[in-house]
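**Student:** Sequence:
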Amino acid sequence: MILLLVRSRLRADLWQLVGWVLGLAVTTSLVTVQVAATFPTGAARAATLRVLLATPVVLVFRGTPDGASAGAFLTALSLSFVAFLVGMMNVFLVTRHSRAAEESGLGDTLSSTATARTGPVVSVLLFVVAWNAIAGVAVASGTALTAEPPGGSMLFGAACAGTGVGTAGVVLLLAQFFPSGRATNATGAIVLVAWYFIRGIGDATGTADMRTLVLRPSWVSWASPIGWAQATRPFGEQSLWPLVLGPTLFVAAGVGAVVTAGRRDVGSATIGHRPGRADARLWLRGAFGLAVRLDRAVLVTWTIAILAFSALVGSLSGVVTDQLTSVSPAVTRTITAMGGGAQDVSESFVRLGAETIGVLVSAMCVQGALRLRREEASARADLLIVSGASRTAWFFAFAALPGAVAAVVLLLSGLVAAVAAGEVGGTSAPWATAPLGQLPAVLVMLAVSAFVVAIVPRTSVALAWSLYAAAAFVGEYGSIAGLPESLRRLSPFEHVVDPFHTGPSVAAAVAITAGALVVGISALALRFRDTGSDH
49 MILLLVRSRL
59 RADLWQLVGW
69 VLGLAVTTSL
79 VTVQVAATFP
89 TGAARAATLR
99 VLLATPVVLV
109 FRGTPDGASA
119 GAFLTALSLS
129 FVAFLVGMMN
139 VFLVTRHSRA
149 AEESGLGDTL
159 SSTATARTGP
169 VVSVLLFVVA
179 WNAIAGVAVA
189 SGTALTAEPP
199 GGSMLFGAAC
209 AGTGVGTAGV
219 VLLLAQFFPS
229 GRATNATGAI
239 VLVAWYFIRG
249 IGDATGTADM
259 RTLVLRPSWV
269 SWASPIGWAQ
279 ATRPFGEQSL
289 WPLVLGPTLF
299 VAAGVGAVVT
309 AGRRDVGSAT
319 IGHRPGRADA
329 RLWLRGAFGL
339 AVRLDRAVLV
349 TWTIAILAFS
359 ALVGSLSGVV
369 TDQLTSVSPA
379 VTRTITAMGG
389 GAQDVSESFV
399 RLGAETIGVL
409 VSAMCVQGAL
419 RLRREEASAR
429 ADLLIVSGAS
439 RTAWFFAFAA
449 LPGAVAAVVL
459 LLSGLVAAVA
469 AGEVGGTSAP
479 WATAPLGQLP
489 AVLVMLAVSA
499 FVVAIVPRTS
509 VALAWSLYAA
519 AAFVGEYGSI
529 AGLPESLRRL
539 SPFEHVVDPF
549 HTGPSVAAAV
559 AITAGALVVG
569 ISALALRFRD
579 TGSDH
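So in the working numbering, spot 19 of the sequence shown is number 67, and the numbers just go up one at a time.
Everything labelled a hint here was simulated from the structure, so no lab data went into it. A couple of the hints might just be wrong.
Derived Cβ-Cβ restraints for the label pairs, each shown as a range [stated by the list, open to error]:
id: 1; residue 1: 89; residue 2: 257; range: 36 to 46 Å
id: 2; residue 1: 287; residue 2: 259; range: 34 to 44 Å
id: 3; residue 1: 504; residue 2: 456; range: 26 to 36 Å
id: 4; residue 1: 515; residue 2: 459; range: 22 to 32 Å
id: 5; residue 1: 66; residue 2: 286; range: 57 to 67 Å
id: 6; residue 1: 452; residue 2: 259; range: 46 to 56 Å
id: 7; residue 1: 311; residue 2: 440; range: 44 to 54 Å
id: 8; residue 1: 504; residue 2: 74; range: 14 to 24 Å
id: 9; residue 1: 515; residue 2: 255; range: 35 to 45 Å
id: 10; residue 1: 304; residue 2: 532; range: 43 to 53 Å
Ideal Cβ placement from N, Cα and C applies to all residues, glycine included.
Input sequences plus hints: build the corresponding full structure.
**Tutor:** Next comes the structure, spelled out in structure tokens:
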């Protein structure tokens, strides 16, 4: 029976899973080819690595340097990000097949059969093991395009798969505690983001060897499964034993999930819903009020996490300048180029930090837009529409709420970062407006996600997150990876308001207008198909 459940999950999510796997393979292949073309010599790679090693805080956003070979350089630039993407795949897959499935009533249906109470949880564990193995092969195939030995590529893919299964186990355990799929999704994503930056802090506080261009991370990295992936050093002094850590976390969390699932009622949660009022408040009566009520917990959680990150990068802005005071002019020119042609190091770091904040806020908006699909699939949208609300009002309510919250979060992020920077002697003025300049890119990602839901609902989750991952990667890593200008311009994160130039931004205005038009077209498209349909 468990194997039948695994088979049904594979069939139900086949196209989404294929989208994730192809996206991972294409992303790693593209980055591998471009890095090899842009940094063809050891001297070129060594110059960039010296910049990273001389500026520890930049390592928070990159990876662990492990020498100047082509494979090691690729690992330093991309392993942490690819492992993060594999982790995000697991957050959404596990939530969809655990807590979200129970919300839809599937858990009650399975309980009425001969399936054991813990059968669905065990089937999810087997399901994610299979797909993480496939994802690992896809990643390895992309990195194998370099001239490095295939063993390094296999270890690269295995390290990412290890992060994926570890994430899957933790999210499945979280699904036993939280009462809704959206809360599980948000918490799992925040845990993954925390792992990414814990790994970054471990790199930033590590010990660098400028002669061999190797960084030994501090003990902090061992608190992150992404740090475990980097500890394998696929194209350096390979270490196989960290591969055991991800599966160990998976087994431990999986056992906890199975035990918890066997002791609770189907559909219930350890952290239960609080009883509500008998009558809805006035502001909750309507499509927008419903959107606020359903998404408020997720949006508040994202807001807290983003503001905490803003305080961190703001407080580090002064440290960056101090660390590079004694570095050679060549290194300074290189790191300012990483900031998009910034005039100095401080400007470069502000731009980099603001762009990362924009990427995080965009993730919040993508998740918010995909709420439309979940409301359709669960038939709750039909209940709202038959009660008198129009499809257009419902669509705009769930699409507009994340956009409004995003504008507020970006504004608050700038203020928080500015205050943190001012307290440590950093440049506070640009921080006040830099994150808000990311609003055009954020709104475009929101609009694209809403458009995908309206046009191709069946594959909307995989497609929306794949487009987001591609745009974020090109925006964050495009310049240092040497991607062509024409390709980088496709990312909305290349069309933002420059905090160091107060003049109007035509590109930003065009991006916002285009985003609004896309949302409007999406709302019209929704009127030509049945709510809840797959086509």
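**Student:** Kindly indicate which numbered hints from before are broken by the structure, ordering the numbers from low to high.
**Tutor:** 1, 2 and 5
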